[in-house]
Amino acid sequence: MTKKNSSMIQRRLIPTYIFLIIVSFISVFPLYWMISAATNTSVDVSRGRILPGAHFMENFHNLTSQQPLWRALGNSFLYAIVTTLVCLLICSIAGYGFEVYHDKWKDKLFSILLLAMMVPQVATMIPLFQMFSKARLLNCTLGFILPMISTPFMIMMFRQNARSFPIDIIEAARIDGLNEVQIFFRMFFPTMKSTYAAAAVITFMNAWNSYLWPKVIMTDNNSLTMPMLIANLITGYVTDYGMLMCGVLFCSIPTMVVFFVLQKQFAEGITGAVK
Amino acid sequence: MKKKLLSVLLAGAMVLSLAACGNSGTSDDGGSSEGGDGGGSEGGNKLTVWAWDQTFNIKAMDMAAEQYKKDHSDFELEVIETSSDDCQTKLTTCANSGDYGTMPDIVLMQDNSYQKFLKSYPDAFTDLTDCGIKWDDFAALKQSYSMVDDKHYGIPYDNGVCAAFYRTDILDQAGYKLEDLTDITWSEFTDIAVDVHKKTGKYLLTSESTGGDVIMLMIQSCGANFVNDKGEAYITGNDVAEKCIDLYTDMIKKDAVKLVNNWDEYVSTVTNGEAAGVINGNWMNATITGIEDQKGNWQITTLPKVDGVDTATNYANNGGSSWYITSNCKNPDLAKDFLVSTFGSSTDFYDAILPATSGIACYLPAGESQVYNEPVEFYGGQPIYSTLVEYSSHIPEFTKTPYHYEAREAVNTAIINITNGTAKEDALKEAQETLEFKMSE
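First to last, the sequence lines map onto chains A and B. Each position in the first sequence, counted from 1, maps to that position plus 549 in my numbering. Each position in the second sequence, counted from 1, maps to that position plus 5 in my numbering.
You may find that some hints are simply not true.
[Said to hold, decoys possible] Partner residues aside, some chain A positions facing chain B, computed with beta carbon under 7 Å: (1) Val592; (2) Gln615; (3) Lys764; (4) Asn781; (5) Thr784; (6) Tyr786.
[As the list claims (entries may be wrong)] Pairs of lysine to any residue, SDA-like flavour, derived with a Cα cap of 25 Å: (7) B/Lys300 with A/Asn611; (8) B/Lys182 with B/Asp312; (9) B/Lys74 with A/Gln615; (10) A/Lys683 with B/Asp104; (11) A/Lys742 with A/Gln731; (12) B/Lys121 with A/Val671; (13) B/Lys335 with A/Leu686; (14) A/Lys653 with A/Thr700; (15) B/Lys121 with A/Ile675; (16) B/Lys300 with B/Ser391; (17) A/Lys683 with B/Tyr105; (18) B/Lys64 with B/Ser118; (19) B/Lys121 with A/Thr784; (20) B/Lys124 with A/Val671; (21) A/Lys683 with B/Asp128.
FYI, nobody ran anything at the bench for these hints, they're computed from the structure. By construction, the Cβ of each residue, glycine as well, lies at the ideal position given by its N, Cα and C atoms.
The following block holds chain B by itself, in its conformation from the complex (with noise of 0.2 Å):
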């Protein structure tokens, strides 16, 4: 009996795994799995795309896809949703097998990791410098990040310019206004945060230990970072670096920064009214807005910029995605003409998904339409969107690296230690010998 049971069970268990994989071969005959198993499509009119995140970047996608739709009735587009670490894991492990079938037709991937994959494994994307985008439409810095040789990969979409959210409320009742904290330096930053903690109990930045953007920030606020044009680590002897560094170890002395241990807790700083301010990239903005209570009482303003650089502005970047056409892409013509009329020329597009998705466009037209210069309730009438876009314009380039987040890590234990007692020149040096290790490996 037992054994009829289980040889039941287990026939029944075969059939259903051979059941799902015939599923999986005729399902979709529209072309995605017909050699290639889901990866690229196989001409036709239809592209699939891997993309992160439902409310943002795959809404856009859809939406795009919504628009092309119009004029182009015959196409389809799947969007696979991927986040950007499992996209960098599939594209390495695809790549290191020589075996790109499985790639999609377009790929959205972090700006500050997609040098690491440019520079590894160029044979993986396609050249888009003649694709029929008016490149000068997007900022320099944001092209720059899927630049190699003076050819373009991708097209920027999310922007990651930056901004100092303030509460208002809190900084009313340390008695400072936002125009005091407009277009200063991060000393006047540093004397004002202290003053606004004494009086309110309140931060008015906070930042992760060991990843936090702050330092990143503040570097390339001034066109620099922490390599050379070489592209070599260089943290000691770097003047710019020592001045951030200062200036950084210093508000963590004076007790201006509240350091926290990971990323839910930053936010949970933000939640639950310990931050008067965030200085970050414009995408805090989904989370600021999603606390209801504290609705009105946020604006936003320029950045602190860096002390005695020359160089140094009021204005950064951090983080963002563009989107990649792969070169297992089979109709890459389609693929192009698609993005080029949504994504890299089309006003109303991005009209049309900023209210749907809160994205800030990196295409720079956009930010001069009405939608963009509306005023946004939640930040007191602030029309925060051509405003953040109009920041944007202004950050300067520096050299891009592919070790972004090393370097970054490297720093911050360098910062951290130094704040602990040990002498700047040695966590620098130490800072300066773990990033060139790992530059190397």
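For reference, chain A alone in the conformation it holds in the complex (with noise of 0.2 Å):
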């Protein structure tokens, strides 16, 4: 390519630059916001100020002192990543066999499946509660992680994903010896990395985000999490806008960190996972 022709292309790109900087900016403030107004007091955030100020560490003082911040933290770590381990485990193995093994009756049952997805979650509110008060399940890691570890949509989205899995790799491998454990292990799941990369995304945030369902059932201060302990940041007559961003700061990194560590695989696994 000549020099002449690589600076039209640049100059033809100048509105879409302009046009994303302006998309980048609007996605990005309200990030810089959340960080710059948790270096600010509660009065100044009311205010408007933008500019980052010197109380950083005055709100998250407060915050420590106020909510077990460490504690909090430490819960949704522990939920959020027994979940995705156990999810992950569990739905690619469902999407896996529905795919690999597919007959008529369980292409039905996967539609069955599916209308899951179409039920809320507050319907199915009251009876999970009844079932995990009598089986006591309340107030622990457990209660927390059993209602997510399965669900339709991670189940549909390996099984597509499985699709374009070569079903000549399985047979070379059962030509070779393996048995189908170790098909799975051993040639899907190297294989899927990318898809499992972005199932893993996918389920971290949700239930390092999920709030109903653990303030339903935890209700015991030890079993506090991140979200719970925003929510109660809230509630009083006064709002500490500065605390509550330093809070809010502390529940956003660890997702944002799974999220750009996973992005190239999340990217790849949402697009389909082998080339």
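Could you fit the two chains together into a complex? Lean on the hints.
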């Protein structure tokens, strides 16, 4: 490509860049504002101050003295990581099974499973609560993760992606003497890494941000999670906006880190795992 | 290798989750998780409480526990921070599943929303009528929020008495004094507000456009409501309601009130100095005193009253909350004794919590104490606490409705429609129908 050509292309891209810069600004600004608000006093935030201030430590101190921040972070990490690992295992095996061993009846079963996606979570709240209360699963990790570890959406995602997994590999592996479990873990799992990454990001975020279910079953201060902690910050007659934003910052960082680390695989996983 | 790694991770995860379950079962052997998984305690000397706001309600509850411990050394109290909305969600879930086992012993509930729960789930709460409290020590209105059929279910705690907070520095600029705004009517207020806005650019009143409290204060200060004695929607044909709505729409048309979209913007008008006045519950005190650079510029006085209504007063209530003992409480005698000897009868207790939380008591004898009568520097030396308790004793009673918030929204929408040009009759009719529909749901 000559110099002239490339400069023409660049010039043509100027409007695109301008558009992208504007859109990026709109997307990034709330994030910036959250960080800057965490460093300002409540009155400054309320007055609309945008520049960063020098009150981060004060907000942080208020937050940790009023709320059990570390315990909530620890709980949220524990619940989200356990949920993500167990959910990936169960849903990937289910999705793989539905695709690789499919027959007429399994396809019908899968359609029924998809119908479950249409039932809103709130509608199942009361029966679920009754079940968990009777099974004495309140206030514990198992109670938190059980309703989340197998979701129709995740099973569907793995099934769709398993479709692109070459059936020849499975047959070759069978001829080479691998059993079905070995095929799943040694062949399917390494090939579908990007699907796992995408599923991990989605599940982790859902588990991390989930609010209603933990709020209903966690009736103990020791089981507090980050979204519950944030909700506690806005219940009083006065909202300390600086402290609130400091809390929101701590709640957002883990999901941001998970997303940025797995960003490339996430994009691949969503668009299709096997090229 | 990967398989091994995965199995180790998964095994670890399962062990952790089971360990966490085990912990919660054994950690508080004091009783709360014994049978109820964090709910009411199994007898013994421990009580669990659901309340919100660390700096206010929870602090007051903790101080009550400390005081009670002086005479009852083995008493234990655990407060579980639960917001008002979450408390309602949990209560609804428990009631609908028929399992109150996770409810605490004592619960704090908003006065404006309690009636709905008492009527829907009467078996969730304990009757406190004969618990030993002198009910006349509480203002009649505050008692009535937690009463059904002459039975008391709650101990009024957080006072929602309203006051008009004004910026005296801005009033000075416009040539007014606090006395000019004391014991006036809403139409006099409107004239002054228009003048102040013209001279200083500031608003004497700000309000949320869809959920504003002002209209509710106006009608309730007349001892009336948007429902009739039978609890039915009563917006059309209600003279008092129409007078209030006329006065309020007039204020909007004359630009005497600034309408904002939400609560954060409402607070912002106060912090950024756009508001020269706030008319709302005494709890706005906490927001106002948080603005250090406005110290000494605020003072309080009575609300304006509605013109041309015989029962109109300069006093109203907005919000507040009360303590309730749930039916899940395994030791109701202890819970009653604890609440009665602290929130229900102790001026010493109220004297102690006032400086720590700025919480203003519903307990009328507290208002006579030395602590309540001390001048408050932020308000230029006004003894606002005793003044507010005194205001609260004048508030007229009115018919409560479980549909307080629905009525508020319907009427506020009608007001916005009227100011946008809809005929008053049509707007009120629509509000009446909306409220009737909500009540039938």
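A quick look at each hint next to the structure:
no. : hint                   : result
1   : Val592                 : 5 Å, holds
2   : Gln615                 : 5 Å, holds
3   : Lys764                 : 5 Å, holds
4   : Asn781                 : 5 Å, holds
5   : Thr784                 : 4 Å, holds
6   : Tyr786                 : 4 Å, holds
7   : B/Lys300 with A/Asn611 : 22 Å, holds
8   : B/Lys182 with B/Asp312 : 22 Å, holds
9   : B/Lys74 with A/Gln615  : 23 Å, holds
10  : A/Lys683 with B/Asp104 : 9 Å, holds
11  : A/Lys742 with A/Gln731 : 16 Å, holds
12  : B/Lys121 with A/Val671 : 21 Å, holds
13  : B/Lys335 with A/Leu686 : 21 Å, holds
14  : A/Lys653 with A/Thr700 : 22 Å, holds
15  : B/Lys121 with A/Ile675 : 19 Å, holds
16  : B/Lys300 with B/Ser391 : 20 Å, holds
17  : A/Lys683 with B/Tyr105 : 12 Å, holds
18  : B/Lys64 with B/Ser118  : 22 Å, holds
19  : B/Lys121 with A/Thr784 : 20 Å, holds
20  : B/Lys124 with A/Val671 : 23 Å, holds
21  : A/Lys683 with B/Asp128 : 21 Å, holds
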